[in-house]
Amino acid sequence: MTNHLSTPAVQFNKVNRYFGEVKAVDEVDLEIRDGEFFAMLGPSGSGKTTCLRMIAGFDRPTGGSIYLYGQDVSNLPPYERSVNTVFQDYALFPHMTVGDNIAYGLMVKKVPKEERVRRVDEMLDLVQLKGFASRKPSQLSGGQRQRVALARALINHPKVLLLDEPLGALDLKLRQQMQVELKAIQQRVGITFIFVTHDQEEAITMSDRIAVFNHGKIEQIGSPSEIYEKPATTFVAGFVGTSNLIGGELAKRLTGSDQTFSIRPEKIHVNTTEKTTTMDTITLDGVVRDVVYLGLYTRYLIEADGVDIVVVEQNLKTTSMDVVSAKGQKVRLSWHKDHISRIGA
Amino acid sequence: MHSKKAPLPLTIAAFGTLLFLHVPMLIIFLYTFTPDETTYTFPLPGFTTKWFAVAWGRADLWRSLTLSLQVATIATISALILGTLAAAAVYRSNFFGRESISFLLVLPIALPGIVSGIALRTAMGGFDIPFSFWTIVIGHATFCVVVVYNNVLARFRRTSTSMIEASMDLGANSFQTFRYVVLPNIATALLAGGMLAFALSFDEVIVTTFTAGQQTTLPIWIFSQLTRPRDRPVTNVVATFVIIITFIPIFLAQRLSASSSDTEGENK
Amino acid sequence: MLNKLSTYFYQRPRLVLLLFLAPPLLYMLVVYLGSLFLLLINSFYYIDDFSGLIIREFTLRTYAQIFTPANREIFTRTATMAFFVTITSAIISFPLAYYIAKYASPRLKTWLLIGVTIPLWSSYLVRVYSWKLILAQEGILSYFINLFGLSGVLQWILSFESIGGSSLALSPLGMFIVFVYIWLPYMIIPVQTALERVPNSLVEAASDLGAKPLQTFRTVILPMAFPGVIAGSIFTFSLTLGDFIIPLAVGNSKFFIGQAVYSYQGTAGNIPLAAAMTMGPVVIMIIYLLIARRLGAFDAL
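Protein chains in written order, with my numbering: chain F, 124 to 468; chain U, 427 to 694; chain X, 980 to 1280.
The following block holds chain F by itself, in its conformation from the complex (with noise of 0.2 Å):
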């Protein structure tokens, strides 16, 4: 979209927030790019959200500064910084109808009522609200709640919007309904949405980039293809997706080195008969231990050399008969060597 080597919107330059003794947010450097839609994921309690809530002024660095677009704002009150959020609760105001709560932001600042009345309307319009404005949070249901939230938090026109867990209290459908619209309304405003999950999926479907938190420090930066394809470290290759990881001597064996390596499940073929195999093909073998069939693919099991390694295929051929008899079977497992990736040390 905008120029990437303009300002980023959001810098984290060393930044540590401790609880007592609980290091939240451990020496976390980090750059958001100006219109980006980037992802924070990670388990709970590995600092995602309090970076979150750092960038919004609801918690404060306890060293390091945050810049956005190139201003310092460490301690900036949230009701100076030009930065909204969309709450995991919604956090609607139960007191106030919908309309009021949408125009609250511009009532604070004290923005003529016609005005008011007319930038409402044209956020309710945004998120397919129109004529909710009289009604009351408590009538709404959870998809509806989530609207209001997300059009309260976009009239002040942010330079950046945030979001926890923006899914998290709806249902499987209502969640990827919403992941769509979420992504076309970014598109629609322009501006640069930071999402806080747990979800990798979610993560991967929604975001230009992610960073992959855990415990306080930030083991990845990456777009979701690199963080899934090539996971630099042996959390991301466990927390993003299901991963192979292979060390040691097997490793040494396989690839000529013995620095550890993951390979994902669908990536490795399994071959009941011998096949020619190429300069590029890794093969090894091994005895099928545990089959499940799971409808679209079947996962498989195998032991090799006295490691576990899970393979996924698809049933393009197989049928559940074919499937089931596998089990006890030898096979021969093999990928393309470049659908490996390298463990950092």
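Don't read these hints as lab results, they were simulated from the structure.
Small disclaimer: the values here were computed from a predicted structure and weren't measured.
Using N, Cα and C, we set each Cβ at its ideal position, and we do this for glycine too.
Worth double-checking, as some hints may not be accurate.
Stated by the list, open to error - Residues from chain U that face chain F, not an exhaustive set, calculated with beta carbons under 8 Å: (1) Gly552; (2) Asp554; (3) Pro556; (4) Ser588; (5) Met594; (6) Val607; (7) Pro610; (8) Asn611.
Claimed, not checked - Derived Cβ-Cβ restraints for the label pairs, each shown as a range: (9) U:Ile503 with X:Phe1063: 33 to 43 Å; (10) X:Asp1187 with F:Asp248: 50 to 60 Å; (11) U:Thr464 with X:Phe1139: 52 to 62 Å; (12) U:Thr587 with X:Ser1242: 46 to 56 Å; (13) F:Asn139 with X:Gly1013: 35 to 45 Å; (14) U:Pro435 with X:Glu1140: 30 to 40 Å; (15) F:Tyr141 with X:Leu1019: 34 to 44 Å; (16) X:Asn982 with U:Thr587: 19 to 29 Å; (17) X:Phe1196 with F:Tyr420: 55 to 65 Å; (18) U:Ile507 with F:Arg241: 35 to 45 Å; (19) X:Asp1187 with F:Arg258: 18 to 28 Å; (20) X:Phe1063 with U:Pro469: 27 to 37 Å; (21) X:Phe1139 with U:Thr437: 33 to 43 Å.
Said to hold, decoys possible - The calculated PhoX-like cross-link candidates involving lysine-lysine, where the alpha carbons are at most 20 Å apart (straight line), are: (22) F:Lys232 with X:Lys1088; (23) F:Lys296 with F:Lys353; (24) F:Lys253 with F:Lys236; (25) X:Lys1081 with X:Lys1191; (26) F:Lys232 with F:Lys282; (27) F:Lys390 with F:Lys440; (28) F:Lys233 with X:Lys983; (29) X:Lys1233 with U:Lys431; (30) F:Lys353 with F:Lys340; (31) F:Lys460 with F:Lys375; (32) F:Lys390 with F:Lys460; (33) X:Lys983 with U:Lys431; (34) F:Lys460 with F:Lys146; (35) X:Lys1191 with U:Lys431; (36) F:Lys306 with F:Lys296.
Please arrange chains U and X on chain F, whose structure you already have, making use of the hints.
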């Protein structure tokens, strides 16, 4: 759960207990109509409504009533301020010793009233503070604070912190946030706590006997009649009046807390 | 302008906490705890028998006076009364508490709870006064006792020295009734709260397993309601210990702790002795609270 019907003996015992709690107060009301000035004869030897007029004409009662209302009002306002501040502090942060705050505030109602009463009196005597309107208020405020504190803190705990954050996030400073978000959310809790505090103060007698000096609040007036009855029929009228004046705010406070917890359930 | 002030506070959360806490804390610490502390100090002074002046010297002689036979009797009498009032309140509270917790529809429940909480919060003095009318010799209770021909029974009961007297209004028995009446709501509410927490499935499970209703009550309901009873007893016991209005209004000339404190302080002007006497209920209550906490009663408060 409610499909079962209660066994009859249980129902009778339950409602019997409820009657036991309320009938004595009705009896006072009944006695306001007795023409008998010197005894509590039952059945009433006749029927008269003249005591209402007599009580109305008593200047000493008006003075006591005015004093009680003034004390209760000032004590309630002080309790509202102190109790809300304490509740906000405890809610805001996890500081060291917040449990002790709750304990400290509960003490005046957990300890027998006579302990607080005599302690305050000793202190006032020790510092040569003359007994006055203000010494009564100081005594009442000690036990009113906890009522407001409990009500407001309970409401705060049901208000998610993210609502306050949302307000500041949208551009409101702390003062605007208080006015537009916090206050509307705790308003009914303040009202309920305030009314309970008012009722508590209005008929308090134990602490008051120690801190009032020569001042006569309405309960002190009744208390003097309790030990040395001189105006029995007028006392009945005053007692009925006190019941009504404390009944109404407590009833409203209870309804208020009951209904606000209902609606809050919907929002979750 | 306000924005600037607000930002100033935002950057100093500890200052805000201090500003919030200072007024209530100063008030409670200085005025209330300070007074309690002065009371404690005073209990270590003594009064000069000749001049009647308070001598501000540390001594334990005032405490020694508490253990005179007359004062010991006052303590025993008050504690015994508090004990029986507590037991009786616990028993009487059960049917109503159980009905509210397990049978009342949500609507009825709200009303019943209001019916219990109103006497809890309101008109303590007036409620005491009402029994002055009821217990009077010529009053409504005597009328009904005579109506049913039970006056002989009443006379017989009142003839016992420990509980009787010339009439109900002037007897420990009458006082006992008033105490139970006044403090009963303080017992009903915690018991009801505790019973509310007994899962219905548990009661049903017990009866499924063949327990008779009484067995279910004894083995399932009673143990689970016990913390509630303890919580309630904190109030009934403490309030009875310190009360002086009820013994003054109803009852005979035998003193209770509250009355003794009241008269030492008032007519006798012996603040040290009154202070020392007050420490009695305070110490008893602290011990009681510690035991109650070990029994888990605070969860039911």
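Verification of the hints:
Interface restraint check: Gly552 of chain U against chain F, minimum CB-CB distance 43 Å, threshold 8 Å, status violated. Contact between Asp554 of chain U and chain F, as hinted, is not supported at the beta carbon level, the nearest pair being about 48 Å apart and thus beyond 8 Å. For the restraint placing Pro556 of chain U at the interface with chain F, the shortest Cβ-Cβ distance is roughly 47 Å, beyond the 8 Å limit, so the hint is violated. The beta carbon of Ser588 of chain U comes within 4 Å of a beta carbon in chain F, closer than 8 Å, and the hint placing it at the interface holds.
Annotation: Met594 of chain U was flagged as interfacial toward chain F, and the flag holds, the nearest CB pair being 4 Å apart, inside 8 Å. Hint on Val607 of chain U holds. Least Cβ distance to chain F is approximately 6 Å, under the 8 Å limit. Because the closest C-beta pair between Pro610 of chain U and chain F is about 5 Å apart, less than 8 Å, the hint holds. For Asn611 of chain U, the interface hint holds, since its Cβ comes within 8 Å of a Cβ in chain F; the closest pair sits about 7 Å apart.
A hinted range of 33 to 43 Å holds for the C-beta pair Ile503 of chain U and Phe1063 of chain X, which are about 41 Å apart. Under the hint 50 to 60 Å, the C-beta atoms of Asp1187 of chain X and Asp248 of chain F, about 59 Å apart, fit the expected range. Checked against the hint of 52 to 62 Å, the C-beta distance between Thr464 of chain U and Phe1139 of chain X comes to roughly 30 Å, which is inconsistent with it. Range check, Thr587 of chain U to Ser1242 of chain X: Cβ separation about 53 Å, and the 46 to 56 Å hint holds.
The hinted window of 35 to 45 Å between Asn139 of chain F and Gly1013 of chain X holds, with their beta carbons roughly 43 Å apart. With their beta carbons about 35 Å apart, Pro435 of chain U and Glu1140 of chain X fall inside the hinted range of 30 to 40 Å. Checking the proposed 34 to 44 Å range against Tyr141 of chain F and Leu1019 of chain X shows it holds: the Cβ atoms sit about 42 Å from each other. Roughly 22 Å separates the CB atoms of Asn982 of chain X and Thr587 of chain U, a value that falls within the hinted 19 to 29 Å.
Checked against the hint of 55 to 65 Å, the C-beta distance between Phe1196 of chain X and Tyr420 of chain F comes to roughly 58 Å, which is consistent with it. Between Ile507 of chain U and Arg241 of chain F the beta carbon distance is about 41 Å. The supplied range of 35 to 45 Å therefore holds. The beta-carbon spacing between Asp1187 of chain X and Arg258 of chain F, approximately 47 Å, falls outside the hinted interval of 18 to 28 Å. With their beta carbons about 33 Å apart, Phe1063 of chain X and Pro469 of chain U fall inside the hinted range of 27 to 37 Å.
The hinted range of 33 to 43 Å is satisfied by Phe1139 of chain X and Thr437 of chain U, whose Cβ atoms lie roughly 34 Å apart. A distance of roughly 46 Å separates the Cα atoms of Lys232 of chain F and Lys1088 of chain X; the hinted pair therefore is violated under the 20 Å criterion. Between Lys296 of chain F and Lys353 of chain F, the direct Cα distance comes to roughly 30 Å. Violation of the 20 Å bound is thereby established for this hinted pair. With a C-alpha separation of about 19 Å, the suggested pair Lys253 of chain F and Lys236 of chain F falls inside the 20 Å cut-off, and the hint holds.
A distance of roughly 18 Å separates the Cα atoms of Lys1081 of chain X and Lys1191 of chain X; the hinted pair therefore holds under the 20 Å criterion. For a cut-off of 20 Å, the pair hint linking Lys232 of chain F to Lys282 of chain F stands: about 17 Å separates their Cα positions. Restraint check for Lys390 of chain F and Lys440 of chain F: the C-alpha separation of about 17 Å stays at or below 20 Å, so the hint holds. Between Lys233 of chain F and Lys983 of chain X the CA atoms are separated by roughly 17 Å; this keeps the pair inside 20 Å, and the hint holds.
Restraint check: the Cα-Cα separation between Lys1233 of chain X and Lys431 of chain U comes to about 48 Å, which exceeds 20 Å; the hinted pair is violated. Note on Lys353 of chain F and Lys340 of chain F: the hinted pairing holds, with a Cα-Cα distance of about 19 Å set against a maximum of 20 Å. Distance hint between Lys460 of chain F and Lys375 of chain F is fulfilled; the C-alpha atoms sit about 13 Å from each other, no more than 20 Å. A distance of roughly 10 Å separates the Cα atoms of Lys390 of chain F and Lys460 of chain F; the hinted pair therefore holds under the 20 Å criterion.
Our distance criterion of 20 Å between C-alpha atoms is broken by Lys983 of chain X and Lys431 of chain U, whose separation comes to about 63 Å. As the CA atoms of Lys460 of chain F and Lys146 of chain F are separated by approximately 39 Å, the hinted pair breaks the 20 Å bound. A distance of roughly 17 Å separates the Cα atoms of Lys1191 of chain X and Lys431 of chain U; the hinted pair therefore holds under the 20 Å criterion. Under the criterion of a C-alpha separation no larger than 20 Å, the hint pairing Lys306 of chain F with Lys296 of chain F is consistent with the structure, at around 16 Å.
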